[in-house]
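**Student:** Please model the entire structure based on the sequences and the hints provided.
Next come the chains, spelled out residue by residue.
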Amino acid sequence: MAGFIELAYLVAASLFIVGLKRLATPATARGGNFLSALGMLVAIVATLFDRQILGFQWIVVGVVIGSALGLWMARAVKMTAMPQMVGILNGFGGGASQLVAAAVWHQFVQSGSLLTLETAVSIYAATLIGGVTFSGSIVAAGKLQEIISGRPVLFRFQHLLNLILFLSIGGMGMYLVISPGHSGVFIAMNVIALILGVLVVIPIGGADMPVVICLLNSYSGLAAATTGFVISNHGLIISGALVGASGIILTQTMCLAMNRSFANVLFGGFGAQVAATVGDDGRGLAARGVRETSAEDAAVMLGYARSVVVAPGYGLAVAQAQHQVRDLADLLEKRGVTVKYAIHPVAGRMPGHMNVLLAEANVPYPQLFDMEQINPEFERTDVVLVVGANDVVNPAARNSPSSPIYGMPILDVDKAGHVIVLKRSMNPGFAGIENELFYNEKTFMLFGDARESLVKLVDEVKNL
Amino acid sequence: MSEGLVILLVIFVLAMFVGFEVITKVSPTLHTPLMSGSNAISGITIIGSMVVAGMGATTLATIFGVIAVAFAMINVVGGYVVTDRMLQMFKRKPEAER
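Taken in sequence, the protein lines are chains A and B. Residue numbering for the first sequence follows our numbering, starting at 179 and increasing by one per position. Residue numbering for the second sequence follows our numbering, starting at 13 and increasing by one per position.
Read the hints as simulated data drawn from the structure, not as lab findings. Hints should not be assumed to be uniformly reliable.
As the list claims (entries may be wrong) - Here are the simulated EDC-like pairs of lysine to aspartate or glutamate, each with C-alpha atoms no more than 20 Å apart in a straight line:
1. A:Lys634 / A:Asp505
2. B:Lys37 / A:Asp505
3. B:Lys37 / A:Asp548
As the list claims (entries may be wrong) - Label-pair restraints from in silico Cβ distances:
4. B:Val22 / A:Asp508: 48 to 56 Å
5. B:Val18 / A:Phe445: 58 to 66 Å
6. B:Lys37 / A:Gly362: 42 to 50 Å
7. A:Leu332 / B:Val18: 36 to 44 Å
8. B:Val18 / A:Thr516: 28 to 36 Å
9. A:Glu324 / B:Leu26: 38 to 46 Å
10. B:Ser14 / A:Gln288: 22 to 30 Å
11. B:Glu33 / A:Gly348: 26 to 34 Å
12. A:Gly181 / B:Leu26: 19 to 27 Å
Glycine included, every Cβ here is placed at the ideal spot set by N, Cα and C.
**Tutor:** In structure tokens form, the structure reads like this:
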């Protein structure tokens, strides 16, 4: 029977791999996700045949409660809140790993059987990674949901404190290897792991939370893998490693797109640094003034253009204006204007978030272009419509070495014929950096709520 | 270090490489569903959770096990359903061929 279960785990792991592979393109992605879910079902059913399991009633209770909650959350969540959702789900995965470790430890201690060194180390690793993932994810989700202030919380000796806590968990682990029955120490270790999760996330600013979510995604995979080491389960190890790898790659993608090193994100407190570096440059620019336009004039520019590129940012999502953008694009296309969307890798609140938001508004995905694809096309574009994006279209990232975002890959919208910027006011973005694009002679500012402005534009284009 | 642990480590490292290979090929368009979908896979802890919830070793271990099963199940069901919700939106397009 044990052999049969192992084989079932192999089938499950294979389904996960094929499923992830099919997630590569939109055409096969949904089927891929289904295969992956099927793999999970195979793994769960196979586990029911484990001879260590004596009664099913408690498993059923947990499965029913968890499934109901999971289903409700997945149905209710808004697409704009997806980063928080992924964060929370991560947290639950990490929490489960921590609880399994605690349960296995308790059972070993109660039965008085000998805890091997390897099992002990695995238990403590699962406790640490699981605990950090659980509390860290909840804090990160709270920051994204703005229940907790997004500002980086910094205090003196912060990193030293984290290091001490981390080492103390190691120390307690070693102590518990010698005398595993000391439950006070084990409880302390769990509590410290949870505190550590909070402490490593609070110094990171709200703008960097997507990186944290990616990283915690990776941790939740590693937590599952360490649980696999605790109970010597190949299926857990393979699946955990897959998730760990995906989290690491996405974290890297995010860091590259923001031109930040991994260490800089983790220890930076980005928002805090930047405030100091906004210098005379900004004030000099402000003196030059911007050119304001009306919805009427902007509609003329768009309506008589040959090609329009829309560059959406998170402001679009905040204003819930995806559908209005789609309406405008439809009208323009009817007039024979080519419309494309330029998606910066960090547009939105997590990698690929903007694509999901636009897909929700029924924008066909062949119209969505990645930064590398669209950048060479701006020179041939008549009008770029920037909606709620700021730092990702700031030419300072290319031109001004003193700028904090210098070197960050951006959308080269300033190379287009004209740029129309929909913006609430002249307030700088959350990085607090002036944007010279707004002062460019090719740029027209259309102030107001993105959604209202788009509604006006739609009306005006209809009247052309 | 026992032979068993070495085998586990070999599996872990090789699976990491498979993960890197598979995931670098995913289009940036789908990075959000990829994240929620891979996140659902991390709910595989459900296996461990079920075993501890079901073996009835100690009351405390069972309680932890039940909560762990619920947590992992939230991760699994929530992850897959929300991923499907997102991917459904990508699929509904008439111009599905790029």
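**Student:** None of the hints should be skipped; say for each whether it holds.
**Tutor:** Now the hints, each set against the structure:
1. A:Lys634 / A:Asp505: This hinted pair holds, its Cα atoms lying about 11 Å apart.
2. B:Lys37 / A:Asp505: violated, 32 Å
3. B:Lys37 / A:Asp548: holds, 15 Å
4. B:Val22 / A:Asp508: 48 to 56 Å: holds, 55 Å
5. B:Val18 / A:Phe445: 58 to 66 Å: violated, 35 Å
6. B:Lys37 / A:Gly362: 42 to 50 Å: Cβ of B:Lys37 to Cβ of A:Gly362: about 49 Å, so the range 42 to 50 Å holds.
7. A:Leu332 / B:Val18: 36 to 44 Å: holds, 43 Å
8. B:Val18 / A:Thr516: 28 to 36 Å: violated, 59 Å
9. A:Glu324 / B:Leu26: 38 to 46 Å: holds, 42 Å
10. B:Ser14 / A:Gln288: 22 to 30 Å: With a Cβ separation near 24 Å, B:Ser14 and A:Gln288 satisfy 22 to 30 Å, so the hint holds.
11. B:Glu33 / A:Gly348: 26 to 34 Å: Holds, since B:Glu33 and A:Gly348 (Cβ atoms, about 33 Å apart) stay within the stated range.
12. A:Gly181 / B:Leu26: 19 to 27 Å: holds, 21 Å
Hint compliance for this structure: hints 2, 5 and 8 are broken, all remaining hints hold.
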